[in-house]
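> Take a look at the letters that make up each chain.
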Amino acid sequence: MAALERPVVRPRPVYLNLFAIRLPLPGFVSFLHRATGALLFVAGIPLLLWWVQRGLASPDAWNAMRGALAHPFAKLVLLVLAWAYFHHFLAGIRHLLLDLHVGVDLPSARRSSALVLVLALVLALAVAVVLW
Amino acid sequence: MVTPNRIVVGAHYGWRDWLLQRVTAVAMVLYTLLILALALWHGGLDYAAWKAIFAGEAFRIATFVFMASLLWHAWVGVRNIAMDYVKPVWLRLTVQVAVIGLLVGYAGWTIQVLWGGT
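Quick mapping for you: the protein sequence lines, in order, are chains C and V.
For the first sequence, the working numbering assigns the number 1 to the initial residue and increments by one for each residue that follows.
For the second sequence, the working numbering assigns the number 1 to the initial residue and increments by one for each residue that follows.
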């Protein structure tokens, strides 16, 4: 009978409650990668399509679109989406480098995650300067 | 007879999604660089430049490849989030079907924007 015994299945340590775990910096950047991805899906894709469509329709439509995007709230939305794109873009490149075994040791991974975080914010700041 | 050491994870869905996520990401990086280069070439983007850029068939096709990559990339990402955080199966399936519907709709919108007008 012993040969027929099933191996003991231990519960896997899956623990994803974001309100109960404290993430290290690379984990935080990884979380932001997901959050910005979700944001770009929800708001970025429709806004991008609308932008291209209005921009191609006619000179009047182009000006109307520019006018709509000049509203302070629209600028804020644009700024947040621009930051989301920068962060997602840079974190994605970091991910690709990690896949190629570049910078996988802990100190490098911490440094690169800090770099992603800061660089995305700096680029967003540049966009803010252009918008305002 | 049961073969003892058979591979039970033979579908390789995970591997395919993993690769897809990276290939589409690289395609989007290249398109982003293309847009940046075009914006610099035209010295900023006004209506005339925008029209001129989109008048080229090659650029429209590149844009379509970008959008297809974006939508597929979004599917893999949103599905992963749903698998991690939406636990009830009926709700997860509902969310996933809604997301697929939305992405297919966006694909149609993309085609309409690129080839519908002119």
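Since the hints were made in silico from the structure, they are not lab data.
We put the CB at the ideal spot given by N, CA and C, even for glycine.
Check before you lean on any hint, since a few could be wrong.
What the hints assert, rightly or not - If you anchor each label on the Cβ, the simulated ranges turn out as follows: (1) Ala114/C <-> Glu57/V: 39 to 49 Å; (2) Ala114/C <-> Lys51/V: 35 to 45 Å; (3) Arg79/V <-> Arg22/C: 25 to 35 Å.
> For every hint, state whether the structure bears it out.
Here is how each hint holds up against the structure:
Hint check: alanine 114/C to glutamate 57/V, Cβ distance near 43 Å, so the stated range 39 to 49 Å holds. Between alanine 114/C and lysine 51/V the C-beta distance comes to about 42 Å, which sits within the given range of 35 to 45 Å. The beta-carbon spacing between arginine 79/V and arginine 22/C, approximately 27 Å, falls within the hinted interval of 25 to 35 Å.
In terms of the numbered hints stated before, the structure departs from none.
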